[in-house]
Every structure is written in C-alpha cells, then in structure tokens.
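Undergrad: Single-letter residue listing:
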Amino acid sequence: MNRIRKSMEKIQATEELKQSTLQYLEKQREKTRRIRLYAARRFVLAAATLFFLVGAGGYSVYRYPVSFISIDVNPSIELSVNRFGRVVSTKAYNEHGMDVIGQVPLKNMSYMQAIVRLLENESYRRFLKEDSYLVFTVISEQSETIVGELSGNALFQSYGAVTYTSDSSCMHEAHQHDMSFGKYRTYLELLKYDESVTVEDCHGMTMGELQDRIDNCTHEGKDDGEKKHHGEHHEKGHGGEK
Amino acid sequence: MRSAEEINFAVEAYADMVRRICFVHLKNRHDTEDVFQNVYMKYMLYEGFFENREHEKAWFAKVTINACTDWLRYLSRRKWVSLEVIAEEKEVLDHTSEELLDVVLKLPEKYRDVIYLYYYEGYSAGEIARILGRKENTIYTWMSRAKDLLREKLGGEWA
Chain X
781 MNRIRKSMEK IQATEELKQS TLQYLEKQRE KTRRIRLYAA RRFVLAAATL
831 FFLVGAGGYS VYRYPVSFIS IDVNPSIELS VNRFGRVVST KAYNEHGMDV
881 IGQVPLKNMS YMQAIVRLLE NESYRRFLKE DSYLVFTVIS EQSETIVGEL
931 SGNALFQSYG AVTYTSDSSC MHEAHQHDMS FGKYRTYLEL LKYDESVTVE
981 DCHGMTMGEL QDRIDNCTHE GKDDGEKKHH GEHHEKGHGG EK
Chain G
14 MRSAEEINFA VEAYADMVRR ICFVHLKNRH DTEDVFQNVY MKYMLYEGFF
64 ENREHEKAWF AKVTINACTD WLRYLSRRKW VSLEVIAEEK EVLDHTSEEL
114 LDVVLKLPEK YRDVIYLYYY EGYSAGEIAR ILGRKENTIY TWMSRAKDLL
164 REKLGGEWA
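Going down the list, the sequences are from chains X and G.
Numbering follows this note's numbering, in which position 93 of the first sequence is assigned residue number 873; successive positions increment by one, without gaps.
Numbering follows this note's numbering, in which position 24 of the second sequence is assigned residue number 37; successive positions increment by one, without gaps.
The hints are simulated quantities; they were obtained by calculation from the structure and are not laboratory data.
Remember, predicted model here, so these are calculated numbers, not experimental data.
Just so you know, even glycine gets a beta-carbon here, dropped at the ideal spot from N, CA and C.
Treat the hints with caution; some may be incorrect.
Here chain X is said to cover these stretches of chain G; the calculated rule only asks that three of the stretch's residues, wherever they fall, bring their Cβ under 8 Å from a Cβ of chain X [to be verified]:
#, segment
1, 66-72
2, 77-88
3, 115-125
4, 129-139
List time: in silico DSSO-like cross-link candidates among lysine-lysine, alpha-carbon distance up to 27 Å [said to hold, decoys possible]:
#, chain 1, residue 1, chain 2, residue 2
5, G, Lys70, G, Lys166
6, X, Lys790, G, Lys70
7, G, Lys160, X, Lys798
8, G, Lys148, X, Lys790
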C-alpha cells in the first residue's frame, strides 16, 4: 500500500456528516417539491389566464362587426359581418322578418352563403314576388368588394336586385327610427323629392312602393320591365362618400 | 429527482471519497460540510443516467472536485490549504501521515487532484483525464511534476 493511500485512509466521512447530509437533502427534497408544485400551479394558472385572454380576445375580434348589409324588400333584415366575412348577428324590423331569421339560421356563415341561403329559403321567397323590389345596402370599408360579389351572384341577378352603399350615420339615424338603414336610405332619397313624406309613412310601405314614389316624383314611370333594369344599379346613398 | 434509496446508497458508497477530495481542497470542516452537502444535492437533482457504479463514482469525483473549486473561487480564498484541515484530523492521523499530507496539501490544486485520484482511488491517467476534462498527456505532465515536488520535500522514498 502506498504511503498516500495509507495516510488518507483514516480521512473518512463521519456518521454525523452523513446523517446531517441526509437530513439536509430531505429538507431540500421537500422544499424542491413545494417549489415545483408551486411552479406547476403558477404555470397552470398562467396557461389558463393566457388561454382565457387569447380566447376572449379572439372571440371579441370575431364578434366585432365591421360591415353591415341591409336586405330590404319587405321585410327588412340586417346582417352584421365581422372582419372575417362571417355573419355575427342578424336583425329583423318587422314580424315577417323575425319569422324569417327565426327559421333561417344565418350566423357564422360567410355573408354570401347567408344571403344565398336567405334568397333560397321558402319562408323568404314568398316575399319576392314579381313586383317586389329587392335592395341590398352595404356599409363597409370594403363595400366595393361586397357590392361586387353581390352583383356577380346569379341568384341576386335573377331577382333583379339593386345595391347601394351607405354610411354609419345613416345607420345610426335609421336605428333611432327602428328602421333598417337600407329602407331609411330610400326614405331619405324620397325626402329629396317629397318633403311631406315622414318616416312613419315609410314604416308601412314596401321597398317597391317607396321606389314607385321616387319614380313618380322624378317623372320616371315605372313598370315591371323597367324595374328589372334597376338591377346592378349602384350609387352612393346617405352620407355620400364613405 | 433521485429517490431516498438511491441517495442512501450513494452516501454509503461514495461519502469517504467525497470527504477526502474535500480534504485535499478545502480549508476546514465547515467548508467540507457545505461542499459535501452541495455535492449530494447535485446528485439528488441530477437527471442523467449512469451506465454502472464506476461511471457513477467517477461522476462523484468530478462533481466534488468542481464543487471544491467553485467553493474556493466563491469565497475568494487562497487556493493553498492551511494546516487547519490537518489539525482537525489530528486525532486520526499519525505523525508520518500528518507530515506527508502537509506536503501533499501544499501542492498546487491540480496536482493534488492527480495525486489523490492516482494514488488513493487508483485511477489510471486516462481515467483521471476524463474526470478532470484534460488531455491524458497533461495528466502525465502534472503527475510527473507533482512527484518531483513531493520527492523534493519528502525525499526519494516518499511513496
């Protein structure tokens, strides 16, 4: 045995050192467990909070409407559309309209799908008669895109529908009178020629009747055939430039 | 985290070696106790896999040496060990051992590691190189210089 080994042999870990180390480790083990448990709880809490915030934030963005489409014939129905082009809410302005949106689910569909579904639905088609005047009024920063899509739709064309654009102040005023902004825009147009007309008068009128009044005022006789040619006509409504 | 059974085994198996490495590095029992506990704490938290007991033992040697070095660096103490540590072991050491260890503990730190691992633990130069993370040739050089220093202090028959 070499001298170094022999000299060092008696240098040993005492029982006291071993026991104190084991006790120390046991305390540290408990402490580490508590820290890990605490960290795990914090992580779960943080993850849940993040999930909630992202989820809630995303849901808020999804629910927030950026475009509005008023579909008027009689009844009047408004679609609120989010930035993803999905219908997030619908509103009807008379009993017939309420019946229709009660029977035809439109929410969460793309606005074109929703419109096609509406136009194809039997409960709505009963209002689309030969002399009906179907008007789509759009409020949106992408109104040209929406109007373009509508005008290009075969079903839209088959009903000889017309499109207008409007703005949020028109919508605000319309809603104060419990009227769709599409119908209210037509009322404002009529008001230009006939100052005696009131919103209350218009409440009970169909879009066809309102348009007839406008045509009469502008001395442009209207017959069914001519009305069809109003299709695809597009002009600025109340508020002018958006 | 390693189980209490694993730790109990490791304390029984490697405590003396850890204690001796601390002895050749540290100044007193208080430091030794701190580093000793620190080494076993590292073991308790170590998630790695040991191929066998030899691998585990070498891990302890390496971790203890590093822990001692870190401890000394942390305390900014001198790297030369005083006689205090030997005085603390006076009860168990005879005069010859005391004299020899006094010289060994005055060697530069890197030489102390080599001398301990080679003469006490019986590691080869290659194994010491792996534990210390040095080239084998470096270990041979250190060992040669350490032997020269010991021979100078203790005479030709020191080992």
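Undergrad: Checked against the structure, which of the hints given earlier come out wrong?
TA: The structure conflicts with hints 1, 2, 3, 5, 7, 8, although it agrees with all the remaining ones.
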